[in-house]
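**Student:** Following the hints, put chain B in place on chain A, whose structure we already have.
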Amino acid sequence: MERWTQVGLTQDEYRLIVDTLGREPNDLELGLYGGMWSEHCSYKSSKVLLKKFPTTGLRVRQGPGENAGVVDIGDGLAVVFKAESHNHPSAVEPFQGAATGVGGIIRDIFTMGARPIAMFDSLRFGEMDDARSRYLLGGVVGGIAFYGNCIGIPTVGGEIYFEDCYKDNPLVNVLCVGLVNPAKIIKGRAEGVGNSVMLVGAKTGRDGIHGASLLASQVFAESAEDKRPAVQVGDPFMEKLLIEACLEALQTGYIVGLQDLGAAGLTSASSEAAARAKNGLDLDIAKVPRRETGMTPYEVMLSESQERMLVIVKKGFEKPVTGIFARWGLDSTVVGRVTDTGMLRVLQDGVVVGEVPARSLADEGPAYQRPEKRPAYLDSAQRLDLSAVPEPEDYGQALDTLLRSLNIASKEWVYRQYDHMVQVNTIVLPGADAAVLRVKGTRKAIALSTDANGRYCYLDPFVGGAIAVAESARNVVCTGARPVAITNCLNFGNPERPEVMWQFRRTIEGMAEACKALDTPVTGGNVSFYNETSGRAIYPTPLVGMLGVMEDQDRRTTPGFKSAGDMIILLGTTREELGGSEYLKLVHGLVAGTPPALDLQLETAVQAACLDAIEQGIARSAHDCSEGGIAVALAECCFSAEDGAKGAEVSLEGAAAVEHSAGAACAGPDDAGADRAGPDGIRKDALLFGESQSRIIVSCSPVDAGRILSIAQEHRAPAAVIGTVGGQKLRISAGGGKMPLIDRDTSELEKPWREVLAWTLK
Amino acid sequence: MKWGVVVFPGSNCDRDTLWALGDELAQDASFIWHQEKSVEGYDAIVLPGGFSYGDYLRTGAIARFSPVMEAVEKFAQRGGLVLGICNGFQILLEAGLLPGAMLRNSSLQFRCHFLHIRVENEKTPFTLACNKGEVLRVPIAHNEGNYYADDATIKSLADNGRIVFRYCDEHGAVTPEANPNGSMDSIAGICNKAGNVLGMMPHPERCSEAVLSSSDGAKVFRSAIKFWERG
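Protein chains in written order, with the working numbering: chain A, 1 to 762; chain B, 1 to 231.
Pulled out of the complex, with its shape left as it was, chain A reads as follows (with noise of 0.2 Å):
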């Protein structure tokens, strides 16, 4: 095997380094480049893609290149937020693959200062009735319950799916929310020539060597389990003793920088340091604190052993910062100073043992623009042939088989698992559109959803990534919570495939140009390729963490219908739209034709209109309609009733419009656009289980209809009455028949809905 080879670089790679070091490195150095320069820390196929994000905004206080993102929310305070992959140690050991996903994203938010107050997990498994999607699902939760719960932050939100192709590589994306003094945010930076370097927290061992360079930045082989050793062991209580440790010591001010350990351990944590204060590290490695004998020093510098910090403090002072980190039960080292030189360099007992320029581990770095193809799947793929897909016999039975879908029923099992509640600022539990969270001290909240649909964008990735943003924003619209910025976790195949690249690209301009429209800039985000096994990539999975801002905690809005007698108004516009749904997979069988269509300006205006009616106090409920259609929205607005399921009597009529003329759809030249028909020949299926998008569900007392319907005209959005709430019925009629083609008893929906996740695990 050749020198690169063993560290996961290229031929190519190799002779960059020794051109930027002048010689050939050592095995340490290369050790140092293998980890830094890996796709996981180097972000090499990605970086000049991702500059197509929008990331300025004027509540962004830090967008990409920190550890996390800031956003202001006002009353001198911040939002830190971040998402991140934990994915490949995840399928080879999905408890502490989860775990330590858990850790890993929590350092990086009180690495900024910043008091972490939520987390959410996005998760993607294979099909259920595989033993071992089971396994990793089982795992997995497991995993986040015992890191989340020991830790004291509430997980608040999140999303699962399962589909087939994430059979081999299922997907864990971790966030987290942290608040903080805008004034009092601490950089990952090693200021001050002469400072200390300290470490503080965990011992260092020889877990997860290679992790970043050789798990996370490669294709799966067919049996992952050699890859065990990499993956890292986690310790919830050291780490939330990590976290009121440094929280408390940063009071000090003798702390100038903090940067936690991560992917490439110390040896990112160092050069990330040094390279953001243009300085250099001296640190020496024989100070660091070991849990086993005989570690060389290539070990040292890339163990991912976690819950370790590197903390840089004021010369001079150290003392009263280990003092601190001492009444916390935590080691703290001196293992190395700030130096002028720019370089990173190890010693071992004062003999230098490796010696590079900092910068170039951390930030010079290659940078590819790989090639692109467009996939040869997208034409058939996208081919759908309505007329050969019969409208079902029974539509009460097929929402039954929808509610039944695990896609779609509640995830009760999984939240009911984590503690969601601690720090008693959860206001809106889990379950509802989003998670909303109230500020303490202040009137304010935020809310916070995540979303990725991976079939949308399997079918067309500008759409799907478009659709991802648009869907987040509505999420939190709904609980009355206006969107301001995005973090994301973009998962897919093997970039050196140029199908995967192509994807990624579309995936990124649809993204950019929802961000733009809903003025949600990027705050930062992840990337996380090599998602396949035996060149089966996942589909692309673009997850969008949406931060939103409300100012008055008390108009917080939840899906359920409140009141027998409410009216029900559908915000926006029902198309012929089957192409991606779950309707369309789960009762035909069918995985095709093209995702529902984006109109960003209508979408701006249901989600401007929603807004008003719950700012102005008037609308009871909002739920956003998605997987499964109106129908499926309308039994979830009955199931989350806080006082047991209400039935609503619906006629969807007067939900097709499809007249108005808002603005061309958000389409890339990719759109096929499917065929759509006026109001009057729409497929009944598609008005009760389609698609569309920017469709809100509202509820009001019956003295305001007539207020919202004029609100969303103020805001150019369709609206129409469609029914009342009341009985223990979910009756839906459309097309003029005078039987309701659906016509069950809530709770005789509802059971299914609530239980058949627990009933698939047993």
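Source of the hints: derived by calculation from the structure; they are not laboratory data.
It should be emphasised that the depicted structure is a prediction, and the values quoted were computed from it without experimental measurement.
For each residue, glycine too, the CB sits at the ideal point set by N, CA and C.
Incorrect hints may have been included.
What the hints assert, rightly or not - In silico SDA-like pairs for lysine to any residue, Cα to Cα no more than 25 Å straight-line:
#1 A:LYS751 / B:GLY54
#2 B:LYS2 / B:ALA129
#3 A:LYS184 / B:ASP23
#4 A:LYS411 / B:PHE114
#5 A:LYS440 / B:LYS2
#6 A:LYS444 / B:SER215
#7 A:LYS411 / B:ASN105
#8 A:LYS444 / B:ALA26
#9 A:LYS684 / A:THR401
#10 A:LYS411 / B:SER106
#11 A:LYS762 / B:HIS113
#12 A:LYS751 / B:PHE114
#13 B:LYS37 / A:GLY323
#14 A:LYS762 / B:ILE62
#15 A:LYS440 / B:VAL211
#16 A:LYS762 / B:GLU177
#17 A:LYS562 / B:ASP216
#18 A:LYS440 / B:GLN27
#19 A:LYS751 / A:LEU406
#20 A:LYS411 / B:ALA178
#21 A:LYS203 / B:ALA129
#22 A:LYS411 / B:GLY182
#23 A:LYS319 / B:GLN35
#24 A:LYS762 / B:SER106
#25 A:LYS411 / B:SER107
#26 A:LYS411 / B:GLU170
#27 A:LYS411 / B:ASP169
#28 A:LYS762 / B:THR175
#29 A:LYS562 / B:TRP228
#30 A:LYS440 / B:GLY80
#31 A:LYS440 / B:GLY22
#32 A:LYS562 / B:ALA210
Claimed, not checked - Only part of the chain B face toward chain A is listed, based on derived beta-carbon distances under 7 Å:
#33 PRO9
#34 GLY54
#35 GLN109
#36 PRO139
#37 ALA141
**Tutor:** Chain B alone, transformed into the frame defined by chain A:
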């Protein structure tokens, strides 16, 4: 009235308890570090929820050896009010201030959700603001809440009014379905003989204000305040 909230390494409901007492109930409340050897000057001590020492070894098993616990024990013997919530309850069991032990939930899973408990004894210092049989809506969040004791102990607890809360449905019926963890006799909270030490698995600090969708938990704290004010 002065409240002390003990902070063990790994406590994670300490700040929530201080928030409920200080900001919501306007009490004089402060933290007590686990290495303190005295709890002088406090009128009530709360052992908060969380994962003291990571729940390593056994829930509460290490925390009970913290220096502060000796002082808490003496404080309790003198009749001081001690409230153990969730992990605090587990610590009280390990410390022998309350009888019995906690097993893992019968589901073998962590459980976090709102549920209902019935006030079985409204005469304790922690329930005297409640009515007998009153149903409170409160949340739980635990992995080991499956209370266990031998039959004689359970009988004696029941006979002496020391079962303070039982899990029940929304109408107050104590049923196996309403029990979230398999605890014996649906026990959600018990007190010592004198009634001044209460351990409960549900979290009153998480439901002491309307914005958190229930303020029933405040009744536990208000009862203690009322008790103390009576002298």
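**Student:** Determine for every hint whether it applies to the structure shown.
**Tutor:** Taking the hints in turn, this is what the structure says about them:
1. A:LYS751 / B:GLY54: violated, 37 Å
2. B:LYS2 / B:ALA129: Roughly 19 Å separates the two Cα atoms, so the pair holds.
3. A:LYS184 / B:ASP23: It holds: about 24 Å lies between the C-alpha atoms, which stays within 25 Å.
4. A:LYS411 / B:PHE114: holds, 16 Å
5. A:LYS440 / B:LYS2: holds, 23 Å
6. A:LYS444 / B:SER215: With a Cα-Cα distance of about 20 Å, the restraint between LYS444 (chain A) and SER215 (chain B) holds, given a limit of 25 Å.
7. A:LYS411 / B:ASN105: holds, 20 Å
8. A:LYS444 / B:ALA26: This hinted pair holds, its Cα atoms lying about 22 Å apart.
9. A:LYS684 / A:THR401: Distance of about 16 Å is within 25 Å: holds.
10. A:LYS411 / B:SER106: At roughly 21 Å apart (the allowed maximum being 25 Å), SER106 (chain B) and LYS411 (chain A) satisfy the hint.
11. A:LYS762 / B:HIS113: This hinted pair holds, its Cα atoms lying about 20 Å apart.
12. A:LYS751 / B:PHE114: Holds, at about 19 Å.
13. B:LYS37 / A:GLY323: Holds, at roughly 20 Å.
14. A:LYS762 / B:ILE62: violated, 34 Å
15. A:LYS440 / B:VAL211: holds, 11 Å
16. A:LYS762 / B:GLU177: holds, 17 Å
17. A:LYS562 / B:ASP216: holds, 22 Å
18. A:LYS440 / B:GLN27: OK: LYS440 (chain A) and GLN27 (chain B) at ~18 Å, within 25 Å.
19. A:LYS751 / A:LEU406: It holds: about 13 Å lies between the C-alpha atoms, which stays within 25 Å.
20. A:LYS411 / B:ALA178: holds, 20 Å
21. A:LYS203 / B:ALA129: With a Cα-Cα distance of about 50 Å, the restraint between LYS203 (chain A) and ALA129 (chain B) is violated, given a limit of 25 Å.
22. A:LYS411 / B:GLY182: Holds, because 23 Å separates the two Cα atoms, which is no more than 25 Å.
23. A:LYS319 / B:GLN35: At roughly 21 Å apart (the allowed maximum being 25 Å), GLN35 (chain B) and LYS319 (chain A) satisfy the hint.
24. A:LYS762 / B:SER106: Answer holds: LYS762 (chain A) to SER106 (chain B) is near 14 Å, not above 25 Å.
25. A:LYS411 / B:SER107: With Cα atoms ~17 Å apart, LYS411 (chain A) and SER107 (chain B) stay inside 25 Å; holds.
26. A:LYS411 / B:GLU170: holds, 23 Å
27. A:LYS411 / B:ASP169: holds, 22 Å
28. A:LYS762 / B:THR175: Distance of about 22 Å is within 25 Å: holds.
29. A:LYS562 / B:TRP228: violated, 41 Å
30. A:LYS440 / B:GLY80: Roughly 31 Å between the alpha carbons, so the hint for LYS440 (chain A) and GLY80 (chain B) is violated.
31. A:LYS440 / B:GLY22: Satisfied, since the Cα-Cα distance of roughly 13 Å is no more than 25 Å.
32. A:LYS562 / B:ALA210: holds, 18 Å
33. PRO9: The hint holds - PRO9 (chain B) has a Cβ within 7 Å of chain A, the shortest such distance being about 6 Å.
34. GLY54: holds, 3 Å
35. GLN109: Given a least distance of 5 Å, the restraint on GLN109 (chain B) holds.
36. PRO139: holds, 6 Å
37. ALA141: Holds - the Cβ of ALA141 (chain B) comes within 7 Å of chain A, reaching about 5 Å at its closest.
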